[in-house]
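Trainee: Based on the provided sequences and hints, a complete structural model is requested.
Residue numbers (numbering that gives the first Met the number 0), protein chains in the order written: chain B, 0 to 330; chain E, 0 to 330; chain G, 0 to 330.
Keep in mind the hints are simulated off the structure, nothing from the lab. This structure is a prediction, so every number in the text was calculated from the model and none was measured. Ideal Cβ placement from N, Cα and C applies to all residues, glycine included. There could be a bad hint or two in this list.
Here are the simulated DSS-like cross-link-like pairs (lysine-lysine), alpha carbons at most 30 Å apart as the crow flies [stated by the list, open to error]:
id : chain 1 : residue 1 : chain 2 : residue 2
1  : G       : K25       : G       : K11
2  : G       : K25       : B       : K36
3  : G       : K36       : E       : K36
4  : E       : K112      : E       : K211
5  : E       : K36       : B       : K25
6  : E       : K112      : E       : K176
7  : B       : K211      : B       : K112
8  : B       : K25       : B       : K36
9  : B       : K176      : B       : K112
10 : G       : K25       : G       : K36
11 : G       : K211      : G       : K176
12 : G       : K36       : G       : K11
13 : G       : K112      : G       : K176
14 : B       : K176      : E       : K112
15 : B       : K112      : G       : K176
16 : E       : K11       : E       : K211
17 : G       : K211      : G       : K112
18 : B       : K211      : B       : K11
19 : E       : K36       : E       : K25
20 : E       : K176      : G       : K112
21 : E       : K176      : E       : K211
22 : B       : K36       : E       : K36
23 : G       : K11       : G       : K211
24 : E       : K25       : G       : K36
25 : B       : K25       : B       : K11
26 : E       : K11       : E       : K25
27 : G       : K36       : B       : K36
Derived list of chain E stretches under chain B, where covered just means 3 residues or more per stretch with a C-beta under 8 Å from a C-beta of chain B [as the list claims (entries may be wrong)]:
id : stretch
28 : 28 to 42
29 : 85 to 91
30 : 95 to 107
Letter by letter, the chains look like this.
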Amino acid sequence: MRHFLTTEDWSKAELQALLDDARELKANPRQDRLRGKRIALVFMNPSLRTRTSFQVGITDLGGSSVVLDAGGTWPLETEDGAVMDGTAEEHVAEAARVLSTYVDMIAIRAFPKFEDWSVERHDPVLSAFVRYATVPIVNMETIVHPCQELAMLMALQERHGSLQGQKMCLTWTYHPKPLNTAVMNSALLAATKMGMEVTLLMPSDEYMLDEKFIEAGSRFAGENGRGLTLTHDVEEAYRGADAVYAKSWGRLDQIGLPMEERLTPDALRRFIVDEEKMALTNNATFSHCLPMRRNVKATDAVVDGSNSLIIEEAENRLHVQKAVLSALNDQ
Amino acid sequence: MRHFLTTEDWSKAELQALLDDARELKANPRQDRLRGKRIALVFMNPSLRTRTSFQVGITDLGGSSVVLDAGGTWPLETEDGAVMDGTAEEHVAEAARVLSTYVDMIAIRAFPKFEDWSVERHDPVLSAFVRYATVPIVNMETIVHPCQELAMLMALQERHGSLQGQKMCLTWTYHPKPLNTAVMNSALLAATKMGMEVTLLMPSDEYMLDEKFIEAGSRFAGENGRGLTLTHDVEEAYRGADAVYAKSWGRLDQIGLPMEERLTPDALRRFIVDEEKMALTNNATFSHCLPMRRNVKATDAVVDGSNSLIIEEAENRLHVQKAVLSALNDQ
Amino acid sequence: MRHFLTTEDWSKAELQALLDDARELKANPRQDRLRGKRIALVFMNPSLRTRTSFQVGITDLGGSSVVLDAGGTWPLETEDGAVMDGTAEEHVAEAARVLSTYVDMIAIRAFPKFEDWSVERHDPVLSAFVRYATVPIVNMETIVHPCQELAMLMALQERHGSLQGQKMCLTWTYHPKPLNTAVMNSALLAATKMGMEVTLLMPSDEYMLDEKFIEAGSRFAGENGRGLTLTHDVEEAYRGADAVYAKSWGRLDQIGLPMEERLTPDALRRFIVDEEKMALTNNATFSHCLPMRRNVKATDAVVDGSNSLIIEEAENRLHVQKAVLSALNDQ
Chain B
0 MRHFLTTEDW
10 SKAELQALLD
20 DARELKANPR
30 QDRLRGKRIA
40 LVFMNPSLRT
50 RTSFQVGITD
60 LGGSSVVLDA
70 GGTWPLETED
80 GAVMDGTAEE
90 HVAEAARVLS
100 TYVDMIAIRA
110 FPKFEDWSVE
120 RHDPVLSAFV
130 RYATVPIVNM
140 ETIVHPCQEL
150 AMLMALQERH
160 GSLQGQKMCL
170 TWTYHPKPLN
180 TAVMNSALLA
190 ATKMGMEVTL
200 LMPSDEYMLD
210 EKFIEAGSRF
220 AGENGRGLTL
230 THDVEEAYRG
240 ADAVYAKSWG
250 RLDQIGLPME
260 ERLTPDALRR
270 FIVDEEKMAL
280 TNNATFSHCL
290 PMRRNVKATD
300 AVVDGSNSLI
310 IEEAENRLHV
320 QKAVLSALND
330 Q
Chain E
0 MRHFLTTEDW
10 SKAELQALLD
20 DARELKANPR
30 QDRLRGKRIA
40 LVFMNPSLRT
50 RTSFQVGITD
60 LGGSSVVLDA
70 GGTWPLETED
80 GAVMDGTAEE
90 HVAEAARVLS
100 TYVDMIAIRA
110 FPKFEDWSVE
120 RHDPVLSAFV
130 RYATVPIVNM
140 ETIVHPCQEL
150 AMLMALQERH
160 GSLQGQKMCL
170 TWTYHPKPLN
180 TAVMNSALLA
190 ATKMGMEVTL
200 LMPSDEYMLD
210 EKFIEAGSRF
220 AGENGRGLTL
230 THDVEEAYRG
240 ADAVYAKSWG
250 RLDQIGLPME
260 ERLTPDALRR
270 FIVDEEKMAL
280 TNNATFSHCL
290 PMRRNVKATD
300 AVVDGSNSLI
310 IEEAENRLHV
320 QKAVLSALND
330 Q
Chain G
0 MRHFLTTEDW
10 SKAELQALLD
20 DARELKANPR
30 QDRLRGKRIA
40 LVFMNPSLRT
50 RTSFQVGITD
60 LGGSSVVLDA
70 GGTWPLETED
80 GAVMDGTAEE
90 HVAEAARVLS
100 TYVDMIAIRA
110 FPKFEDWSVE
120 RHDPVLSAFV
130 RYATVPIVNM
140 ETIVHPCQEL
150 AMLMALQERH
160 GSLQGQKMCL
170 TWTYHPKPLN
180 TAVMNSALLA
190 ATKMGMEVTL
200 LMPSDEYMLD
210 EKFIEAGSRF
220 AGENGRGLTL
230 THDVEEAYRG
240 ADAVYAKSWG
250 RLDQIGLPME
260 ERLTPDALRR
270 FIVDEEKMAL
280 TNNATFSHCL
290 PMRRNVKATD
300 AVVDGSNSLI
310 IEEAENRLHV
320 QKAVLSALND
330 Q
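Mentor: The following block contains the structure:
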């Protein structure tokens, strides 16, 4: 049984098939593909787009969804053999097996807690659900965000056509708080896998993404005969780019420290995506997952410019997710 | 494209058409008018009736709804050009445009924050959604509550028949905390527009509603050849009334002060709607939007009396909202 | 009009009819029995299984549900005649009557507040809904949990066949915090009513369940020619049992005390259900409602053993609840 946990284990051809089906679903949104199917949407973190687009997409395909919010339930234990006298009231062993008797698929949002990256990098909640569930699992963002990256690829293809050899600048951008690395991990995996020439711009080595994603990105780039360049040089990253994708994230080496020590230094506000930097590119498109702080992560001029793909990318969440659910349902 | 933001910009004839359709929908609740339509219900404040009646009504008409709760999402920025380094993670510019790609209508509850009335009187959240959304917007209570006032009108017409020239007493009533003025603003607009002779009873000038609603109410009354009387005299307000509508609200001049300074003085408990006051009327009907604190805002004897319309009015929320959604969908 | 508040007022034959229908619904899950019916699910406490299984079950039967969470609404007054100047913004008199105009059934989860058992033992929230609603009410757990006990009975019958004369050990088990007695109250009512020979194992008399449940259990046992034995002796309770049902609960005589005084003494950890105790039984099945803390309430070896019914029982929630809703709808 196949899950949709990360794009890493879906081949380039399989991802392209999902993207092609998403385009078909964009043209013909209401199809009877999930007739009578029930899907649980488990949110351990807030959501606006993900929740709405999954619910609408499932309804469009004739299925039904049940939303479970963190606030409406209780902490779950993920470790096998645990003596559960802490805060967790239930083990994923039970939650996943029971939900599997009620529904046909389970989609999960579970951010890392930013307490211990050595544990969190193994995606413990998602992994536990995969271990115990007897129905397909969909990742709605954990340490990666594969639905977002499919939506990004779809928006890029709609504007650029083929992505082969297109130059992608993936840039860290400012946000006052240390955020999840999931979206940039996924953007890196997706862009390299689809044959883009990728440069990853970070303020310093301290902001390096987990080595497993850097290694996978390098491997995918290599398989396509492309490169993955890591840099701290803004001009090098932007110069000649066909596409700019921005996201802020926190330092992995600071996970577990008190929040006041982890706040982003003001000096890094200069990484904001602005017209000056965009002028270095090859008339690049701009995108960023949402939510996005305006005039902090990117200026209004960039966000509202004709090269901005942010709304298209967000809309495409609906279409790619329908393609993913449809593919998992058909297996 | 038309929205349903306030009854102020819907003509008397248009409002009556909505009320007539609501009666038809009360008689025949299940009609295929929203087949395949998706509607987002965005709640930035708690709700029991609004949430249930919108969800049920949409299902009855063949549509589907997605509920977004404040608790499950994040604060939204409403000001254009803002440098978003405060608490807001997303601008309405994005939220409204993205939701517009997922759904066919957006309904919003967004109370004022009671921090700065000079800003809040312009209904910033609702206005921002109107500015950016590309689908119709429905007001589920902000600084006015037009769905409630339609429900009130429907309940009144069911009991009184024509409302022309009927004497309406709109009375402030006691509640320990300073509440939103939305319902009374709306009741004033609705009663004057439909040709009632309206008296607004407040404890003192300090409790005056925003001048823009007083002015609109006076204008509507004038257009119908009726009057709008403002008074602090309980007997004057109740004497001869055909209908009494009660609601508590906080002083606008105290918005922004610490809550402990804004608590309602005990002396004003005397504004409770009781049998003694009702005895002054012309056997008036009584109503109040819900929730309502019994024996604080009105006595059990009044609330449970045969002239009480509170349950009919609350039920009518379902019917009038279906009429509103249907009208917006048909344009 | 009949409600489903407790199994106490449903006869043995009526309960068996619900269980038989649940088996039919397990075999044929999608049936058009609630076509066009709307059901409100009111949760004043968190839920995972109850919420999911009710929503899925209602959809399977062609109906629609609206979920109302405590977090999304406000405290409700239950006492008639109350002067509502405390925290409650609305009386159940209004909430129940209004919901009755929107939906065809109302299901409610409302745990006792553990402040004053002399009040809470009368199930004030549920009782108030019954007093005022004009549609059938379903108990989703208050001071009893009748849906859970039907699911337990169904799982037991699937494994044991007839339950007549089977020996049931109901055991208190360890949990660090004092929990609701509802599930054990219900297990006691159900097991005695269905003709099992029941032993209730508690650490001491201080853990006695409310006398009204003990009395009802004794009466039901007597009607079946069986006994209800109360004991503090672990070996007596487990010896020869055909089924073991475990649940932790807090002392009724400590309700209202500060939580730190109510925490369960460490010495009672020995009540954990483990292989040593299970070895005393007649190869008994094991069950526990979920959530359940592993290696605190029961060991992994017991929970994961082939005699464990926990997942079957949880799955059966879906089937028995569909049978209950169907029966209430057919009256």
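Trainee: Please verify whether E/K25 and G/K36 have alpha carbons no more than 30 Å apart.
Mentor: Holds - the C-alpha atoms of G/K36 and E/K25 are around 16 Å apart, at most 30 Å.
Trainee: Given the proposed pairing of G/K25 with G/K11, does the C-alpha separation stay at or below 30 Å?
Mentor: holds (21 Å)
Trainee: Within 30 Å, alpha carbon to alpha carbon, are B/K211 and B/K11?
Mentor: holds (19 Å)
Trainee: Take the stretch 85 to 91 of chain E, compare each residue's beta carbon with every beta carbon of chain B, and decide whether three or more fall closer than 8 Å.
Mentor: holds (count 4)
Trainee: Mind checking the alpha carbons of B/K25 and B/K11 for me, to see if they're no more than 30 Å apart?
Mentor: Distance ~21 Å between B/K25 and B/K11 Cα, so the pair holds.
Trainee: Need the status of pair G/K211, G/K112: alpha-carbon distance at most 30 Å?
Mentor: holds (19 Å)
Trainee: Regarding the pair B/K25 and B/K36, is the alpha-carbon distance no greater than 30 Å?
Mentor: holds (21 Å)
Trainee: Is the straight-line distance between the alpha-carbon of B/K112 and that of G/K176 30 Å or less?
Mentor: holds (25 Å)
Trainee: Given the hint that E/K112 pairs with E/K211, test it: the Cα-Cα distance must not exceed 30 Å.
Mentor: Roughly 19 Å separates the two Cα atoms, so the pair holds.
Trainee: Is E/K36 close enough to E/K25, meaning Cα to Cα at most 30 Å?
Mentor: The given pair, whose Cα atoms are some 21 Å apart, holds under the 30 Å limit.
Trainee: Holds or violated: E/K112 and E/K176, Cα atoms, limit 30 Å.
Mentor: holds (14 Å)
Trainee: What's the verdict on B/K36 and E/K36, does the C-alpha distance respect the 30 Å limit or exceed it?
Mentor: Answer holds: B/K36 to E/K36 is near 20 Å, not above 30 Å.
Taken one by one, the earlier hints all hold for this structure without exception.
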